Amino acid sequence: MKRRLYDYTLWNLFLLTVGAGFVTFAVQNVAAPHGFLTGGIMGVSLLCTYIFGNFMSATTWNLLFNIPLMVFSWFNVSRAFVIYTTYGTFAMSAWTVVLNGITIPIQDPLYACILSGVLYGIGCGVMLKTKGSSGGLDFIAAYVNQKWGVQFGSFSFMFNSVIFIASAFSISPDLIIVSFIQIFIVGQVTNYVVGMFNQRKMVVIITNKGQELCREIAKHGGRTTLLPAYGGYSHEAKEIVITITAKTMIKFLEELVFRHDPHAMFTVEDTFYAVGGQYRRISK
Numbered sequence: 001m002k003r004r005l006y007d008y009t010l011w012n013l014f015l016l017t018v019g020a021g022f023v024t025f026a027v028q029n030v031a032a033p034h035g036f037l038t039g040g041i042m043g044v045s046l047l048c049t050y051i052f053g054n055f056m057s058a059t060t061w062n063l064l065f066n067i068p069l070m071v072f073s074w075f076n077v078s079r080a081f082v083i084y085t086t087y088g089t090f091a092m093s094a095w096t097v098v099l100n101g102i103t104i105p106i107q108d109p110l111y112a113c114i115l116s117g118v119l120y121g122i123g124c125g126v127m128l129k130t131k132g133s134s135g136g137l138d139f140i141a142a143y144v145n146q147k148w149g150v151q152f153g154s155f156s157f158m159f160n161s162v163i164f165i166a167s168a169f170s171i172s173p174d175l176i177i178v179s180f181i182q183i184f185i186v187g188q189v190t191n192y193v194v195g196m197f198n199q200r201k202m203v204v205i206i207t208n209k210g211q212e213l214c215r216e217i218a219k220h221g222g223r224t225t226l227l228p229a230y231g232g233y234s235h236e237a238k239e240i241v242i243t244i245t246a247k248t249m250i251k252f253l254e255e256l257v258f259r260h261d262p263h264a265m266f267t268v269e270d271t272f273y274a275v276g277g278q279y280r281r282i283s284k
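Under full-length UniProt numbering, think of the first position of the sequence shown as 1, with each following residue one higher.
Careful: at least some of the hints might be erroneous.
Below, in silico cross-link-like pairs of lysine-lysine (DSS-like), each with a Cα-Cα straight-line distance of 27 Å or less [unchecked claim]:
| # | residue 1 | residue 2 |
| --- | --- | --- |
| 1 | Lys-131 | Lys-209 |
| 2 | Lys-238 | Lys-201 |
| 3 | Lys-219 | Lys-251 |
| 4 | Lys-247 | Lys-219 |
| 5 | Lys-147 | Lys-201 |
| 6 | Lys-131 | Lys-147 |
| 7 | Lys-251 | Lys-201 |
| 8 | Lys-201 | Lys-219 |
| 9 | Lys-209 | Lys-219 |
| 10 | Lys-129 | Lys-209 |
No wet-lab data here; the hints were simulated from the structure.
This structure is a prediction, so every number in the text was calculated from the model and none was measured.
Could you put the whole structure together from the sequences, leaning on the hints where they help?
Rendered as structure tokens:
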């Protein structure tokens, strides 16, 4: 058990490190050179660099803003979440030094916006696959959600709206619009990355040999639900077997079913996100 916990912790730290690299590169090497804003506390940090010049990098501003939020969340949210997120925040600062001086030869703001949005979304998604995150707004959103039940998306939209209104005094309207596009891409990519490793296929099997198929599927590590049913036309008693499986196992499962019941009906449905049961759920 201790060994598994140790391995799980190392895996979390590895993902946080990789995700922090993507986020830092997107902000420091793509977004900042083009004058874009990102959402959340990082957006505030970028706004500070545009206002105060090169006094400090965006990730350094981000670290300073995160320190009081870490202290607050330690006592009001989750200590494990704070510890992992603190590591992720410091990892972003370390990546700032490693990636310093790297330039991306993209001149078109729209192309740069798409690239930074994709990279930022990948980084956020990878970090959210752990028990931590990239920090900043996540600290506040977690507390607001626990306290008043406000959804993260709603709170994030309100917070970012305030940032963009404030930024109108320091950056052009064109860049604000491009920044909105970037944030939209970040959200879509983040959601995709978070759900990517939880994508499964739901298989529904209508058969006369439900119990037999359930036993065979269980022998190969699967889990099933068996429901009684009746044919709508024939009124013949049937059984419905429902199971969730990986896409790579669909063909194997199909052959297993028809080997035991050549007259079965085998249907597959897309399931974008599956947690619970045998599929681990990460809770913050």
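Lys-201 paired with Lys-219 [C-alpha distance capped at 27 Å] = holds, 19 Å
Given the hint that Lys-209 pairs with Lys-219, does the C-alpha gap stay at or below 27 Å?
-> holds, 16 Å
Is the Cα-Cα distance between Lys-251 and Lys-201 27 Å or less?
-> Distance ~12 Å between Lys-251 and Lys-201 Cα, so the pair holds.
Hint consistency between Lys-247 and Lys-219 [alpha-carbon to alpha-carbon, up to 27 Å] | holds, 18 Å
Regarding the pair Lys-131 and Lys-147, is the alpha-carbon distance no greater than 27 Å?
-> holds, 20 Å
Below or equal to 27 Å on CA atoms is what counts here, so check Lys-131 against Lys-209.
-> Roughly 42 Å separates the two Cα atoms, so the pair is violated.
Measure nothing beyond the straight line between the CA atoms of Lys-129 and Lys-209; if it is 27 Å or shorter, mark the hint as holding.
-> Violated, at roughly 39 Å.
Do the alpha carbons of Lys-147 and Lys-201 lie within 27 Å of each other, as the hint requires?
-> violated, 36 Å
Taking 27 Å as the top limit, are the C-alpha atoms of Lys-238 and Lys-201 close enough?
-> Since the Cα atoms of Lys-238 and Lys-201 sit roughly 22 Å apart, the hinted pair holds (cutoff 27 Å).
Holds or violated: Lys-219 with Lys-251, Cα cutoff 27 Å?
-> Holds: Lys-219 and Lys-251 sit about 17 Å apart, inside 27 Å.
The structure shown violates the earlier hints numbered 1, 5 and 10.
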